[in-house]
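As they're listed, the protein sequences go chains A and B.
Number 127 in numbering that gives the first Met the number 0 belongs to position 128 of the first sequence; there are no gaps in the numbering.
Number 41 in numbering that gives the first Met the number 0 belongs to position 42 of the second sequence; there are no gaps in the numbering.
Watch out, some of these pointers could steer you wrong.
As the list claims (entries may be wrong) - Mimicking EDC-like on lysine to aspartate or glutamate, the simulated pairs with C-alpha atoms at most 16 Å apart in a straight line are:
#: 1; chain 1: A; residue 1: LYS40; chain 2: B; residue 2: GLU63
#: 2; chain 1: A; residue 1: LYS40; chain 2: B; residue 2: GLU66
#: 3; chain 1: A; residue 1: LYS92; chain 2: B; residue 2: GLU60
#: 4; chain 1: A; residue 1: LYS92; chain 2: A; residue 2: ASP56
#: 5; chain 1: A; residue 1: LYS170; chain 2: B; residue 2: ASP23
#: 6; chain 1: A; residue 1: LYS36; chain 2: A; residue 2: ASP16
#: 7; chain 1: A; residue 1: LYS36; chain 2: A; residue 2: GLU21
#: 8; chain 1: A; residue 1: LYS170; chain 2: B; residue 2: GLU21
#: 9; chain 1: A; residue 1: LYS150; chain 2: A; residue 2: GLU184
#: 10; chain 1: B; residue 1: LYS49; chain 2: B; residue 2: GLU6
#: 11; chain 1: A; residue 1: LYS140; chain 2: A; residue 2: GLU101
#: 12; chain 1: B; residue 1: LYS9; chain 2: B; residue 2: GLU60
#: 13; chain 1: A; residue 1: LYS150; chain 2: A; residue 2: GLU192
#: 14; chain 1: A; residue 1: LYS92; chain 2: B; residue 2: GLU63
#: 15; chain 1: A; residue 1: LYS150; chain 2: B; residue 2: GLU60
#: 16; chain 1: B; residue 1: LYS49; chain 2: B; residue 2: ASP23
#: 17; chain 1: A; residue 1: LYS150; chain 2: B; residue 2: ASP23
#: 18; chain 1: A; residue 1: LYS36; chain 2: B; residue 2: ASP25
#: 19; chain 1: A; residue 1: LYS36; chain 2: A; residue 2: ASP56
#: 20; chain 1: A; residue 1: LYS150; chain 2: B; residue 2: GLU66
#: 21; chain 1: A; residue 1: LYS92; chain 2: A; residue 2: ASP44
#: 22; chain 1: A; residue 1: LYS150; chain 2: B; residue 2: ASP12
#: 23; chain 1: A; residue 1: LYS170; chain 2: B; residue 2: ASP25
#: 24; chain 1: B; residue 1: LYS9; chain 2: B; residue 2: ASP23
Said to hold, decoys possible - Just a sample of chain B residues kept apart from chain A, beta carbon distances all over 10 Å, derived:
#: 25; residue: GLY41
#: 26; residue: LEU55
#: 27; residue: LYS74
In short, the hints are calculated from the structure, not lab data.
Predicted model, so just to flag it, every value in this text is computed and none were measured.
Glycine residues also receive a C-beta, built at the ideal position from the N, C-alpha and C atoms.
So you can see what is in the structure, the chains are spelled out below.
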Amino acid sequence: MVQERDNNEWIAALQADGPLREAALSDLRGMLLIGLKTALKSRSDFVDSLLDDFVQDSLVRILRSLDQFQNRSRFVTWATAIAIRVALTELRKRRWRDVSLETLVADTGFEPSAAETSPDRESQPIIEAMYRIIGSDLTEKQRTVLLAEIKGMAQEEIARQMGSSRNALYKLSHDARQRLKQGLEKAGFTAQEYAITIS
Amino acid sequence: MSLSRPELQKMLDVVRATQPIEIDCDVCLMQVGEFAELNLVGKPIPEGLKAIEQHLSICDECREEYEMLCVALRK
Numbered sequence: 000m001v002q003e004r005d006n007n008e009w010i011a012a013l014q015a016d017g018p019l020r021e022a023a024l025s026d027l028r029g030m031l032l033i034g035l036k037t038a039l040k041s042r043s044d045f046v047d048s049l050l051d052d053f054v055q056d057s058l059v060r061i062l063r064s065l066d067q068f069q070n071r072s073r074f075v076t077w078a079t080a081i082a083i084r085v086a087l088t089e090l091r092k093r094r095w096r097d098v099s100l101e102t103l104v105a106d107t108g109f110e111p112s113a114a115e116t117s118p119d120r121e122s123q124p125i126i127e128a129m130y131r132i133i134g135s136d137l138t139e140k141q142r143t144v145l146l147a148e149i150k151g152m153a154q155e156e157i158a159r160q161m162g163s164s165r166n167a168l169y170k171l172s173h174d175a176r177q178r179l180k181q182g183l184e185k186a187g188f189t190a191q192e193y194a195i196t197i198s
Numbered sequence: 000m001s002l003s004r005p006e007l008q009k010m011l012d013v014v015r016a017t018q019p020i021e022i023d024c025d026v027c028l029m030q031v032g033e034f035a036e037l038n039l040v041g042k043p044i045p046e047g048l049k050a051i052e053q054h055l056s057i058c059d060e061c062r063e064e065y066e067m068l069c070v071a072l073r074k
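Produce the entire structure from the sequences given, and follow the hints as far as they go.
Given below as structure tokens:
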């Protein structure tokens with residue numbers, strides 16, 4: 000039977016010693032097991048045998064982050080969000096760990112007008128401008144991150160292969176997107192103009 | 000191999016949604032619970048959480064995590 004606790008009681012119990020803490024940990028473990036299983040069950044790469052490890056890793060991360068809880072949601076909601084981050088990060092790592100970032104980027108490149116993409120007449124000018132700006136205004140690192148993200152590669156894996164962190168990567172990606180946006184605006188394309196659907 | 004049409008579309012969409020000041024994935028994680036709880040009960044998103052909404056529009060991974068959190072909360 001899970002004990003009802005408000006946010007302050009959760010924090011106090013998890014920061015206490017002895018039976019109070021053990022009971023809170025046991026309750027939280029049970030709630031995360033249910034939450035994660037519900038959230039992940041539709042994924043083809045998830046199997047039940049992974050669940051215990053995900054919950055254990057999540058509890059470590061939650062306990063380490065208690066001082067960052069801002070009391071703006073239910074504590075269990077906040078904890079479940081962390082558990083989902085932990086679990087999906089691991090599943091994404093497994094999916095992408097054998098993919099070389101260098102090869103992915105080299106194989107894709109930023110070459111316009113390939114037959115397989117051949118955008119329609121309306122979007123052709125903006126696509127060409129985008130390729131031009133990516134080639135001339137972005138650094139190699141910015142190009143790599145932007146391309147890998149667009150290809151769907153896991154951020155943790157991009158960061159690992161670049162010797163960086165997920166947050167540092169986000170900054171790099173943000174800088175790349177900003178430069179691209181500024182370049183398109185300088186080339187005369189308004190945000191409204193590139194709110195198009197490529198057919 | 001070049002970018003596919005959906006990838007080109009995604010590139011344009013994320014560039015269009017880019018803002019000069021954005022939050023990163025860790026900040027999003029700390030606040031996404033509040034955002035999800037408000038959304039699930041249909042309450043308006045306050046100005047202070049607009050940055051979460053913007054981040055979710057450009058970050059595929061955080062958006063995927065948010066959607067799974069909503070699935071867990073609905074149960």
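Hint check:
Between A/LYS40 and B/GLU63 the alpha-carbon distance is near 14 Å, which keeps this suggested pair within the 16 Å criterion. Annotation: proposed proximity of A/LYS40 to B/GLU66 holds, straight-line Cα distance about 13 Å (limit 16 Å). The hinted pair formed by A/LYS92 and B/GLU60 meets the criterion: a straight-line CA distance of about 12 Å does not exceed 16 Å. Pair hint A/LYS92 plus A/ASP56 holds up; C-alpha atoms about 15 Å apart against a cutoff of 16 Å.
With a C-alpha separation of about 8 Å, the suggested pair A/LYS170 and B/ASP23 falls inside the 16 Å cut-off, and the hint holds. Distance hint between A/LYS36 and A/ASP16 is unfulfilled; the C-alpha atoms sit about 29 Å from each other, more than 16 Å. Between A/LYS36 and A/GLU21, the direct Cα distance comes to roughly 22 Å. Violation of the 16 Å bound is thereby established for this hinted pair. Simply put, A/LYS170 and B/GLU21 have alpha-carbon atoms about 9 Å apart, close enough for the 16 Å limit, and the pair holds.
Of the supplied pair hints, the one linking A/LYS150 and A/GLU184 is violated, its CA atoms being roughly 24 Å apart against a limit of 16 Å. For the given pair, B/LYS49 sits about 26 Å from B/GLU6 by alpha-carbon distance, which is inconsistent with the 16 Å threshold. Between the alpha carbons of A/LYS140 and A/GLU101 the distance comes to roughly 11 Å, so the proposed pair stays at or under 16 Å and holds. Between B/LYS9 and B/GLU60 the alpha-carbon distance is near 14 Å, which keeps this suggested pair within the 16 Å criterion.
Using a Cα cut-off of 16 Å, the hinted pair A/LYS150 and A/GLU192 is violated, with the two alpha carbons roughly 24 Å apart. Note on A/LYS92 and B/GLU63: the hinted pairing holds, with a Cα-Cα distance of about 15 Å set against a maximum of 16 Å. A C-alpha spacing of about 13 Å is found between A/LYS150 and B/GLU60, which places the hinted pair at or below 16 Å, so the restraint holds. Restraint check for B/LYS49 and B/ASP23: satisfied, since their Cα atoms lie roughly 13 Å apart, inside the 16 Å limit.
Using a Cα cut-off of 16 Å, the hinted pair A/LYS150 and B/ASP23 is violated, with the two alpha carbons roughly 20 Å apart. This hinted pair does not check out: A/LYS36 and B/ASP25 have alpha carbons roughly 23 Å apart, beyond 16 Å. Restraint check: the Cα-Cα separation between A/LYS36 and A/ASP56 comes to about 15 Å, which is no more than 16 Å; the hinted pair holds. For the proposed pair A/LYS150 and B/GLU66, the alpha carbon gap of about 20 Å is over 16 Å, so the pair is violated.
For the hint pairing A/LYS92 with A/ASP44, the CA-to-CA distance comes to about 11 Å; that is within 16 Å, so the pair holds. This hinted pair checks out: A/LYS150 and B/ASP12 have alpha carbons roughly 14 Å apart, not beyond 16 Å. Restraint check for A/LYS170 and B/ASP25: the C-alpha separation of about 12 Å stays at or below 16 Å, so the hint holds. Straight-line distance between C-alpha atoms of B/LYS9 and B/ASP23 comes to about 19 Å, which puts the hinted pair past the 16 Å bound.
B/GLY41, annotated as away from the interface, keeps every beta carbon of chain A farther than 10 Å; the closest lies near 16 Å. For B/LEU55, the non-interface assignment is confirmed: its Cβ lies about 12 Å from the closest Cβ of chain A, beyond the 10 Å cut-off. Its closest Cβ contact with chain A, about 5 Å, brings B/LYS74 to no more than 10 Å, contrary to its assignment away from the interface.
Against the hints set out earlier in the document, violations occur for numbers 6, 7, 9, 10, 13, 17, 18, 20, 24, 27.
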